[in-house]
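*Asks:* Listed here are the chains, written in short residue letters.
2 protein chains.
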Amino acid sequence: MGGPEIDRLIGLLAKLPGLGPRSARRAALKMLQQPEMRMLPLATALAEAARAVRPCAECGNLDSQDPCTICADPHRDRSVICVVEGVGDLWALERALVHRGIYHVLGGTLSALSGLGPEDLNLSGLISRVVTGNVTEVILALGATVDGATTAHFLTDQLRPTGVAVTRVGQGVPIGGALDVLDDGTLAAALRGRRSA
Amino acid sequence: MGGPEIDRLIGLLAKLPGLGPRSARRAALKMLQQPEMRMLPLATALAEAARAVRPCAECGNLDSQDPCTICADPHRDRSVICVVEGVGDLWALERALVHRGIYHVLGGTLSALSGLGPEDLNLSGLISRVVTGNVTEVILALGATVDGATTAHFLTDQLRPTGVAVTRVGQGVPIGGALDVLDDGTLAAALRGRRSA
Numbered sequence: 001m002g003g004p005e006i007d008r009l010i011g012l013l014a015k016l017p018g019l020g021p022r023s024a025r026r027a028a029l030k031m032l033q034q035p036e037m038r039m040l041p042l043a044t045a046l047a048e049a050a051r052a053v054r055p056c057a058e059c060g061n062l063d064s065q066d067p068c069t070i071c072a073d074p075h076r077d078r079s080v081i082c083v084v085e086g087v088g089d090l091w092a093l094e095r096a097l098v099h100r101g102i103y104h105v106l107g108g109t110l111s112a113l114s115g116l117g118p119e120d121l122n123l124s125g126l127i128s129r130v131v132t133g134n135v136t137e138v139i140l141a142l143g144a145t146v147d148g149a150t151t152a153h154f155l156t157d158q159l160r161p162t163g164v165a166v167t168r169v170g171q172g173v174p175i176g177g178a179l180d181v182l183d184d185g186t187l188a189a190a191l192r193g194r195r196s197a
Numbered sequence: 001m002g003g004p005e006i007d008r009l010i011g012l013l014a015k016l017p018g019l020g021p022r023s024a025r026r027a028a029l030k031m032l033q034q035p036e037m038r039m040l041p042l043a044t045a046l047a048e049a050a051r052a053v054r055p056c057a058e059c060g061n062l063d064s065q066d067p068c069t070i071c072a073d074p075h076r077d078r079s080v081i082c083v084v085e086g087v088g089d090l091w092a093l094e095r096a097l098v099h100r101g102i103y104h105v106l107g108g109t110l111s112a113l114s115g116l117g118p119e120d121l122n123l124s125g126l127i128s129r130v131v132t133g134n135v136t137e138v139i140l141a142l143g144a145t146v147d148g149a150t151t152a153h154f155l156t157d158q159l160r161p162t163g164v165a166v167t168r169v170g171q172g173v174p175i176g177g178a179l180d181v182l183d184d185g186t187l188a189a190a191l192r193g194r195r196s197a
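Protein chains in written order, with my numbering: chain A, 1 to 197; chain B, 1 to 197.
Please note that the accuracy of each hint is not assured.
The list cannot tell twin chains apart, which means a pair is met if one copy fits it or any two copies do.
Below 25 Å or equal to it, Euclidean Cα-Cα: the simulated SDA-like pairs (lysine to any residue) are [to be verified]:
1. Lys30 x Ala14
2. Lys30 x Pro41
3. Lys15 x Gly148
4. Lys30 x Gly86
5. Lys30 x Ile127
6. Lys15 x Phe154
7. Lys15 x Thr186
8. Lys15 x Arg160
9. Lys15 x Gly133
10. Lys15 x Gln171
11. Lys15 x Asn122
12. Lys15 x Ser196
13. Lys15 x Asp73
14. Lys15 x Gly170
15. Lys30 x Leu187
16. Lys15 x Ser114
17. Lys30 x Asp157
18. Lys15 x Arg26
19. Lys15 x Arg168
20. Lys15 x Ala165
21. Lys15 x Gln34
22. Lys30 x Gly3
23. Lys30 x Asp183
24. Lys15 x Ser79
25. Lys15 x Thr132
26. Lys15 x Ser124
27. Lys30 x Arg78
28. Lys30 x Leu93
Calculated from the structure, these hints are not laboratory results.
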């Protein structure tokens, strides 16, 4: 339509999650109409982030400092490690302000289907952090999926020799959720997880 | 969460049409996990497009060559100019392969509400193209809105002295559309625009 530069830009934008060809065209057009204000700042931000951001050697979080902001924060409780599948889960927990300890990012879950075994996850790092650090509790904040459950079982086994307390996040009715729209598995988990009122 | 670089990137992505804060985070995370493959190519494509793409001096289309690919194409019929509000409309018509003439991008419509007058649109360019070129027909492909209709009336008046044939795109039932979901205005336009079967 308007030369290879525009086609290439739309093609790359369309690959972003949440954008398809249609919204990629809209985004490209909006930026092309204000190149100085919209395109160049984004180009710079992308290049800067690609240059600066690295996985934290300690926990696997993505940050422009290493150890990451959370691991380096003296106010975080280093005795409680929250284990998550990915950085997106860590971000979600941080936005919710519900965990004041530190994290450990596995980089995935065990998955027979996608052929992910223990050697593909950041597991040895977790064990050695528990053994060498002053850790009292490991919270497994994994998805309520088959792979999440498999991974939680495996991690519980692996961590047993260290003597650390291993917990899993609760499962049940989401806050704000009505019971009649929930699936059977969630209802079963909610009943199993009942507590005295 | 992960330093100022990540925050800035998410903030800029969230401003793109079609992306909100949530999808901007997902897009940023996906790119951060493959910086070489995903971020740097997009950064380069943005910078390249910002550098290369300019409005065509003839028709107002955005292209990395000037005159644009369409204006420079010897196979296009230069006697028929299709007038559109914006480059997005031009792209839509080009994808549909329905116009083999050339274009003229107004850069907006007359709008009392947003205070856009004739001097804000690329009008004089259109008149002089019609006067100096060998133009036989001007197709007004403007939206079926109040502003679109106002602009069409104004352009028809302005073009009358040149003697060129001025037409407007048809209005009515969209192809694939059912009548019972259409609004009253569209139904009225469809009845007004009826033709012998």
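*Asks:* For every hint, state whether the structure bears it out.
*Replies:* Now the hints, each set against the structure:
1. Lys30 x Ala14: Both: 14 Å inside a chain and 13 Å across chains, each within 25 Å.
2. Lys30 x Pro41: Answer is both; intra-copy 14 Å and inter-copy 19 Å each pass.
3. Lys15 x Gly148: Answer is neither: 27 Å inside a copy and 34 Å across each miss the 25 Å cutoff.
4. Lys30 x Gly86: Classified as between; 11 Å across copies, 32 Å inside a copy.
5. Lys30 x Ile127: neither (49 Å within a copy, 27 Å between copies)
6. Lys15 x Phe154: Answer is neither; intra-copy 34 Å and inter-copy 42 Å both fail.
7. Lys15 x Thr186: So lysine 15 and threonine 186 fail the 25 Å test inside a copy (33 Å) and across (36 Å) alike.
8. Lys15 x Arg160: neither (42 Å within a copy, 47 Å between copies)
9. Lys15 x Gly133: Classified as neither; 41 Å inside a copy, 42 Å across copies.
10. Lys15 x Gln171: Neither way: lysine 15 and glutamine 171 sit 33 Å apart in one copy and 35 Å across, limit 25 Å.
11. Lys15 x Asn122: neither (27 Å within a copy, 34 Å between copies)
12. Lys15 x Ser196: Result: close neither inside a copy nor across copies, 49 Å intra and 47 Å inter.
13. Lys15 x Asp73: neither (35 Å within a copy, 30 Å between copies)
14. Lys15 x Gly170: Neither: 35 Å inside a copy, 35 Å across copies.
15. Lys30 x Leu187: This pair counts as neither: shortest intra-copy Cα distance 45 Å, inter-copy 32 Å.
16. Lys15 x Ser114: For lysine 15 and serine 114, the Cα distance is within 25 Å only inside one copy (22 Å; across copies 35 Å).
17. Lys30 x Asp157: neither (53 Å within a copy, 31 Å between copies)
18. Lys15 x Arg26: Both, since 14 Å and 12 Å are each at most 25 Å.
19. Lys15 x Arg168: Classified as neither; 35 Å inside a copy, 37 Å across copies.
20. Lys15 x Ala165: Classified as neither: same-chain Cα gap 42 Å, cross-chain 44 Å, threshold 25 Å.
21. Lys15 x Gln34: both (22 Å within a copy, 13 Å between copies)
22. Lys30 x Gly3: within (17 Å within a copy, 28 Å between copies)
23. Lys30 x Asp183: neither (41 Å within a copy, 29 Å between copies)
24. Lys15 x Ser79: neither (40 Å within a copy, 39 Å between copies)
25. Lys15 x Thr132: Neither: 42 Å inside a copy, 44 Å across copies.
26. Lys15 x Ser124: neither (33 Å within a copy, 40 Å between copies)
27. Lys30 x Arg78: Neither: 45 Å inside a chain and 28 Å across chains, both beyond 25 Å.
28. Lys30 x Leu93: Between. Shortest inter-copy distance 18 Å satisfies the 25 Å Cα cut-off; intra-copy 33 Å does not.
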